[in-house]
Amino acid sequence: MNLRWLLAFIETAFIGSFIGMMSSVSVVWAAPIGAYQHGTVVRMRMGDCQIMHRGLISAFGPPQSMAADESCPEYTLVTDKVVYLIVGKSSNQLVPLAEVVDFRFQNKELAVRVDDARKESKFAIKEMTLRSEWERMQKHLEDRLNESPHQAVDTSIAMRNRE
Amino acid sequence: MFSHWYIRPVLILTVAVSCAAAAEDANSNSDRPLFRSTTSEVRVTFFATDSNDQPVATVAKSDLAVIDNEQVIRAFRSFDRSNETVLDVVALVDLSESVAPRFQATSSEVLRLVAQEQSTPSDSISVLSFGGTFGRAFAGMPAGTITNTEPEVLCSGDCPAAVSMGKLAVASSRGVTPLFDALLLAASFISNHRRAEARPILILLSDGNDTISLHTQAEALAALGEAGTLVYSVDIGISANRRTSGSRLLRQLSESTGGRYFLASELSSRKGGGVVTVLNAALDDMRASYVVTYDLPNSKTEFHSLRLMPTRNLNLTFHSSRSSYKSDYYASSVR
Chain W
23 MNLRWLLAFI ETAFIGSFIG MMSSVSVVWA APIGAYQHGT VVRMRMGDCQ IMHRGLISAF
83 GPPQSMAADE SCPEYTLVTD KVVYLIVGKS SNQLVPLAEV VDFRFQNKEL AVRVDDARKE
143 SKFAIKEMTL RSEWERMQKH LEDRLNESPH QAVDTSIAMR NRE
Chain Z
39 MFSHWYIRPV LILTVAVSCA AAAEDANSNS DRPLFRSTTS EVRVTFFATD SNDQPVATVA
99 KSDLAVIDNE QVIRAFRSFD RSNETVLDVV ALVDLSESVA PRFQATSSEV LRLVAQEQST
159 PSDSISVLSF GGTFGRAFAG MPAGTITNTE PEVLCSGDCP AAVSMGKLAV ASSRGVTPLF
219 DALLLAASFI SNHRRAEARP ILILLSDGND TISLHTQAEA LAALGEAGTL VYSVDIGISA
279 NRRTSGSRLL RQLSESTGGR YFLASELSSR KGGGVVTVLN AALDDMRASY VVTYDLPNSK
339 TEFHSLRLMP TRNLNLTFHS SRSSYKSDYY ASSVR
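Line order of the protein sequences matches chains W and Z. Each residue of the first sequence is one higher than the one before, starting from 23 at the first, in our numbering. Each residue of the second sequence is one higher than the one before, starting from 39 at the first, in our numbering.
Just chain W, with the same shape it has in the complex:
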């Protein structure tokens, strides 16, 4: 009888630890597919890393202690309702620029799923704008661009007097 209880206990403990192990693995690698939102990266630039280091700076020293020449990737991620400006933690933290990017929120950060690496990459959120507002601003910028004298010139030929 005692032996049967012991075997049952071992079996339960084994199954429990297996389930626990599998769930922790899935947390390390990536969340279930359904947990993700989808978006498209439309812009990328290398900007300063200050937003990522702000916490460290205030805790350990003055702003000039940060490496001045470090640059971090900054992405504009467009979703159905909101446009996010996200910043990487180091110069080599890159996002695959596929048409559709899967992401989710985790502890005030934005975790982007990186398919081939089977993991997530976390970014700080620098700005959030409603998509309608962002599109209005883009339209405004485009209109200004088209109105600028440089672009208005007939590009097929230009005559200029030689000094």
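Because the hints were derived from the structure by calculation, they are not lab data. Positions of the beta carbon are idealized from the N, C-alpha and C atoms, including for glycine. Treat the hints loosely; a few may be bogus.
Each pair of labels, with its calculated beta carbon distance range [unchecked claim]: (1) Glu340/Z to Arg65/W: 15 to 21 angstroms; (2) Val104/W to Ile276/Z: 53 to 59 angstroms; (3) Ser362/Z to Glu149/W: 25 to 31 angstroms; (4) Asn168/W to Glu79/Z: 18 to 24 angstroms; (5) Arg65/W to Ala95/Z: 30 to 36 angstroms; (6) Arg158/W to Glu188/Z: 57 to 63 angstroms; (7) Thr331/Z to Gln59/W: 30 to 36 angstroms; (8) Phe73/Z to Thr62/W: 37 to 43 angstroms; (9) Ser154/W to Ser226/Z: 28 to 34 angstroms; (10) Arg233/Z to Arg166/W: 22 to 28 angstroms; (11) Gln290/Z to Thr62/W: 42 to 48 angstroms; (12) Thr151/W to Asn336/Z: 18 to 24 angstroms.
Facing chain Z, according to a computed beta carbon distance under 8 angstroms, are these residues of chain W, among others [said to hold, decoys possible]: (13) Val63; (14) Val64; (15) Met66; (16) Asp70; (17) Leu116; (18) Ala120; (19) Glu149; (20) Leu152.
Derived DSSO-like pairs (lysine-lysine); straight-line CA-CA distance at most 27 angstroms [to be verified]: (21) Lys141/W to Lys99/Z; (22) Lys364/Z to Lys161/W; (23) Lys161/W to Lys103/W; (24) Lys111/W to Lys144/W; (25) Lys130/W to Lys148/W; (26) Lys111/W to Lys161/W.
We have chain W already, so just place chain Z on it with the hints.
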């Protein structure tokens, strides 16, 4: 002027001339027509390498995105294999005092590279040098004396037969390092000797430590970009540490021109050995090259920066000879 346009292979330029404008010009001697070109399509030649720094033979259109002035572009007009079939090789050899410990080995490598030209007749090899002295140095000449600051063309396409190549055999490693000036000379040389359907590459054998140039690093990089050449740098510095300023510069030159960086001490163990390995790598890169074209994106500025990024596999690195271009510029006036 037209050669100036010709060295911009990544751009398809649309130039239209107005007859009325020409007639107006004829009436006034003081006015000269100024031709203005605009870009309608951007053309980028590239190859990809994997995490082991080996060229990737097959790349799909959906594997990459172009970042043109921060804008992500995935819609391409065309995507094809490059039609470049041969290499125009220029070897630029540093003979200055700072590379003295490796000088003999470097000279031998260059002579071996020149001998390789006979086995690949379609590829053209030229050799340029900077620093150093040719022939015997004067007895008692102090180390570091400025001896030969002018970069020099040792041979141009006829290297196996060139008498001037014999100078390399008797050269001495001396003097200062006008690296940036030499890069400008090499860029000009490449522009003037360009052949259709030939890929120009510059094999730079140096420690990367410029000491006396009249020109700056930025000027050298701009000239290399204009020439559309890929820089394959071979670090012959005495330090095995890749973190020296010279090594960083060589790496930067290679990365920004779409070429590759090699450490001389590691080349001997690779297939072919020495500089011939670099030539073989350049040939492999050319065979794995593609051309992608896309519509010019709307932008405020004439100057466009370019970067190619993977869409799926972050282990892919894309190498392009062009890291920037100008979308709209004035050429000089013509009679």
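For each hint, the structure was consulted:
1. Glu340/Z to Arg65/W: 15 to 21 angstroms: This hint holds: roughly 19 angstroms between Cβ atoms.
2. Val104/W to Ile276/Z: 53 to 59 angstroms: holds (55 angstroms)
3. Ser362/Z to Glu149/W: 25 to 31 angstroms: holds (27 angstroms)
4. Asn168/W to Glu79/Z: 18 to 24 angstroms: Given about 20 angstroms between the Cβ atoms, the range holds.
5. Arg65/W to Ala95/Z: 30 to 36 angstroms: Roughly 31 angstroms apart at Cβ, these two residues keep to the hinted range, so it holds.
6. Arg158/W to Glu188/Z: 57 to 63 angstroms: holds (59 angstroms)
7. Thr331/Z to Gln59/W: 30 to 36 angstroms: For Thr331/Z and Gln59/W the Cβ distance comes to about 33 angstroms; the hint holds.
8. Phe73/Z to Thr62/W: 37 to 43 angstroms: Check passed, 40 angstroms falls within 37 to 43 angstroms.
9. Ser154/W to Ser226/Z: 28 to 34 angstroms: violated (53 angstroms)
10. Arg233/Z to Arg166/W: 22 to 28 angstroms: This hint is violated: roughly 45 angstroms between Cβ atoms.
11. Gln290/Z to Thr62/W: 42 to 48 angstroms: Check failed, 32 angstroms falls outside 42 to 48 angstroms.
12. Thr151/W to Asn336/Z: 18 to 24 angstroms: holds (20 angstroms)
13. Val63: holds (6 angstroms)
14. Val64: Hint holds; Val64/W Cβ to chain Z Cβ min 6 angstroms, cut 8 angstroms.
15. Met66: holds (5 angstroms)
16. Asp70: It is violated, given that the least Cβ distance between Asp70/W and chain Z is near 15 angstroms, above 8 angstroms.
17. Leu116: holds (6 angstroms)
18. Ala120: holds (4 angstroms)
19. Glu149: violated (15 angstroms)
20. Leu152: violated (21 angstroms)
21. Lys141/W to Lys99/Z: Cα-Cα ~24 angstroms, so holds.
22. Lys364/Z to Lys161/W: OK: Lys364/Z and Lys161/W at ~24 angstroms, within 27 angstroms.
23. Lys161/W to Lys103/W: holds (17 angstroms)
24. Lys111/W to Lys144/W: Judged against 27 angstroms, a Cα distance of about 8 angstroms means the pair holds.
25. Lys130/W to Lys148/W: holds (11 angstroms)
26. Lys111/W to Lys161/W: violated (31 angstroms)
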